[in-house]
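Asker: Listed in order, the protein sequences are those of chains A and B. Residues in the first sequence are numbered from 1 upward in steps of one, following the UniProt record's numbering. Residues in the second sequence are numbered from 1 upward in steps of one, following the UniProt record's numbering.
Hints were generated in silico from the structure; no laboratory data involved. Quick caveat, the model's predicted, so the values are computed rather than measured. Please note that a few of the clues may not be correct.
List of simulated lysine to any residue pairs, SDA-like, C-alpha gap at most 25 Å [unchecked claim]:
1) Lys272/A / Ser304/A
2) Lys408/A / Tyr214/B
3) Lys512/B / Lys344/B
4) Lys35/B / Gly30/A
5) Lys59/B / Val32/A
6) Lys272/A / Lys512/B
7) Lys298/A / Glu316/A
8) Lys510/A / Gln488/A
9) Lys20/A / Pro44/B
10) Lys97/A / Thr33/B
11) Lys341/A / Glu320/B
There are 2 protein chains.
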Amino acid sequence: MKNILGREIPEFVEGYGKVKPFGGAFNNLGEVTKKEVRVKSAVPGETKVLSTIREAIEKCNLKDGATISFHHHLRNGDYVLNMVLEEVAKMGLKDIKVAASSIFPVHAPMVELMKSGVITGVYANYMSGPVAEAISKGLLKNPAVMHTHGGRARAIESGDLHIDVAFIAAPTADTYGNINGVEGKAACGTLGYAIPDAMYADRVVAVTDNLVPYPACPIDIQQEYVDYVVAVESIGDPKGIVSGTTRITKDPVGLKIAKMTSQVIEASGLLKDGFSFQTGAGGTSLAVAAYVKELMKKKGIQGSFAAGGVTGYIVEMFEEGLFRSIFDVQCFDLKAIESYKNNKAHQGMSASMYGNPHNRGAVVNNLDVMILGATEIDVDFNVNVTTGSNGVIMGGSGGHSDTAAGAKLAIIVTQLVKGRLPIVVDKCTTVTTPGESIDVIVTERGIAVNPRRTDLIEKLKTTNLPVMTIEELKKIAEDMTGKPEKIQLDDEIVAIVEYRDGTVIDVVKKVK
Amino acid sequence: MKNILGREIPEFVEGYGKVKPFGGAFNNLGEVTKKEVRVKSAVPGETKVLSTIREAIEKCNLKDGATISFHHHLRNGDYVLNMVLEEVAKMGLKDIKVAASSIFPVHAPMVELMKSGVITGVYANYMSGPVAEAISKGLLKNPAVMHTHGGRARAIESGDLHIDVAFIAAPTADTYGNINGVEGKAACGTLGYAIPDAMYADRVVAVTDNLVPYPACPIDIQQEYVDYVVAVESIGDPKGIVSGTTRITKDPVGLKIAKMTSQVIEASGLLKDGFSFQTGAGGTSLAVAAYVKELMKKKGIQGSFAAGGVTGYIVEMFEEGLFRSIFDVQCFDLKAIESYKNNKAHQGMSASMYGNPHNRGAVVNNLDVMILGATEIDVDFNVNVTTGSNGVIMGGSGGHSDTAAGAKLAIIVTQLVKGRLPIVVDKCTTVTTPGESIDVIVTERGIAVNPRRTDLIEKLKTTNLPVMTIEELKKIAEDMTGKPEKIQLDDEIVAIVEYRDGTVIDVVKKVK
């Protein structure tokens, strides 16, 4: 069958199950149920502190076939996933499903465990590096399931993704399981992605390298959700966890795109008191923030909130009074961590509060402007950030689809050609985010507005910006690069791309 | 049948159902299930702000027989419960169950609604004033159900108490339902008792007199839990919400009891680094805190946390560095509100985190010393704080049973005779907290230790404190007052006293 975007998807996928086809960004709301949760009540006086990860696995009664989960705030510095899986393998457990909110190059040891059948399933919102490549090559028994950040929270809360044991990398934990992310040598700030895991898993284990006396205030994840605490030597490499300073691009092309983007924002009419904004940590994204900051100061505007993945640059804007608050699901650098630690208006949020479409209203619903990237964007404005143009998985939605769906103005900011390949294509290799959620694409050669946004097209007519159709933009790109060759993929499905509501927006095929 | 305390309880109570008899404070732990939650997903762009309480009731589709809930942080200054019920009555709804975490004299209009059949059920952790008296007289159709603070959270989370619509008095709310308790003219601090309601009710309505632009940081209850927001003129009378300053007693008897209590604490050996402590807002309780403070300073002790209902006096100890943190479910005065607002180590907690026995570990489990009151205490150390000696409901457990169960040393602090009646009796009129949870009673005439605590009896032998058996204490009291006459009660059950685990520890009979 084909879903509403015309993507060819089977009705049933072995190792995944029955497919609910994507039917539109807001087609699947209404009444939902958050699943019941099984909890082992604490016996007062009993300790939660265990000596080893092995003891925790045993106490949790982990069995073949179980699903274990991890969060990715330690990013490419994370040791916890590998430590736990090494122990799982040593214990002879098989057929384990790994639900990691994201997977990085550091998690390469998973590849051998996929080959040996210890790991047979993977759920992730984002993956890059050897694990992503191995999955693309068909080394995982069942198709991987790729969620969005909000969609993962939805899947966990609804019971679609049942977690037997959640292992939470805890920069600081106390003896009764309270966890904070702002202290300890592996401090990473908010722990927003781990919160659904803690609330819905059958068993929850905090793994920490900073076990402190009770209570570990300020608390990010409370004791009432944590069964056991294990102290280890190190949960991660700080160099991989936080970037020192995030910097604005100096590349003139990036700066040009950023400047044009700020002009689009200005023309949109959204730049007024109460303005809300999210951007990524890349150099061009930060440059957009810098131009927006200039405009806000010139116009004397105070925004309501900035959200995200938060960088020091956004914190500076907040500290200068340009935003009243920050919603933070993940701190990208030390300045963001410090701010989150010290300022009550720098508010942590769970992945569910951030982007889950199946609650009473996520933060993304209140975003005015979202700055996004793309690997490919097709003439219907569908965006691929999941696979490279060679078909290999090299990313995933993360918050892409969530914020695009919620924001009043979702802007793709990209160079028109990358690695000698055009970004605008006839058909994306994989669709991550549906075109209906994308309002405009800004490149150094031109700007294309989604035809649905007739209002925005009108507004941009009053500017000198190089607005054109997306077909025109595609032609400019192809005139530079030639028409790209269509890649050849195998028929085998190696990953399911779930939209945030749990429907299937696309599948990823095995690379040849 | 009789429960383990020998209290006569029917196996089935009309209007309540099958009775699970109390079988010991920790008899009912193990695996439990938190119920599934029905949620109406937000449609992005739709407003949550409604014009009137009536509109909210209609949007929530409230029907005859439904259960609506309220929290009591506005205490005797609360307007919200009456406003909502007035509208419910006007709309002709009948057979409504009111689950209010506590009920105060200000809620007197409920009495007429009980008579007219608008209200047929009441759930509360504490009640005083006209509603309590009316229930004692048999004016409510079904028996009221009295919970503990932690037990109410348990009942809500387990589904034993299903809430159709939760109405949350919100000192500040934004247009998308984020609520904070620290700003606005009715600021009351933490909103801990309302959190289970927000998380588990079918529909959640914030009623505020300080509707602010999005987002209302710092957030106590998040937007993802709130369906609708209604702005009203006033949610409460600040004079009834917070006491100006809580003061240490000047009464020499109270001071004597407090001093002896501090000596018991010192002798117990618990007064060392990491010490944790909770006390109430009464003058004698605060005097205990003052003596404990002196001892901590003299010994150079830093405690781990103070918990509670928090007063300015506890905040002072915290600010002087005597405690590293505060766990706060309810702020009793302005100083507590300010501290909670400004200090990240002054940590809010939900009623579940505070005292629910059916999660992975409540804060009460880590209490060293708890200072408690009593209306009656029997020779088995069972305590009544629910009914007066005339049998009329004038209180309820609140956190009494929760903290007594959790604390290593639960101390009843009381004058031996009150209102010409002895506090120590053969048999309590009502049992609120089981004797197994009570370690010692301190009166101006003597101290009795629970015989189970042979260790403490030994330790107190090294002091000059007037330790005696509880029978001796009773005799001293009776020598002063004469033996009290047994009150005569009707056979009709007007209230069920549920222990924190949902078993029935006692029933309250109608007064003649």
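Asker: Could you run down the list of hints and mark each one as holding or not?
Answerer: Verification of the hints:
A hinted pair counts as satisfied when its Cα atoms are at most 25 Å apart, and Lys272/A with Ser304/A qualifies at roughly 10 Å. Note on Lys408/A and Tyr214/B: the hinted pairing holds, with a Cα-Cα distance of about 16 Å set against a maximum of 25 Å. For the given pair, Lys512/B sits about 51 Å from Lys344/B by alpha-carbon distance, which is inconsistent with the 25 Å threshold. Restraint check: the Cα-Cα separation between Lys35/B and Gly30/A comes to about 20 Å, which is no more than 25 Å; the hinted pair holds.
Taking the CA atoms of Lys59/B and Val32/A, the gap is about 17 Å. The hint holds against a cut of 25 Å. Between Lys272/A and Lys512/B the CA atoms are separated by roughly 67 Å; this puts the pair beyond 25 Å, and the hint is violated. The hinted pair formed by Lys298/A and Glu316/A meets the criterion: a straight-line CA distance of about 17 Å does not exceed 25 Å. Using a Cα cut-off of 25 Å, the hinted pair Lys510/A and Gln488/A holds, with the two alpha carbons roughly 10 Å apart.
A threshold of 25 Å between alpha carbons decides the hint, and for Lys20/A with Pro44/B the separation of about 22 Å falls inside it, so the pair holds. At roughly 24 Å between alpha-carbon atoms, Lys97/A and Thr33/B fall within 25 Å of each other, so this suggested pair holds. As the CA atoms of Lys341/A and Glu320/B are separated by approximately 21 Å, the hinted pair is consistent with the 25 Å bound.
When the structure is compared with the earlier hints, violations turn up for hints 3 and 6 and for no others.
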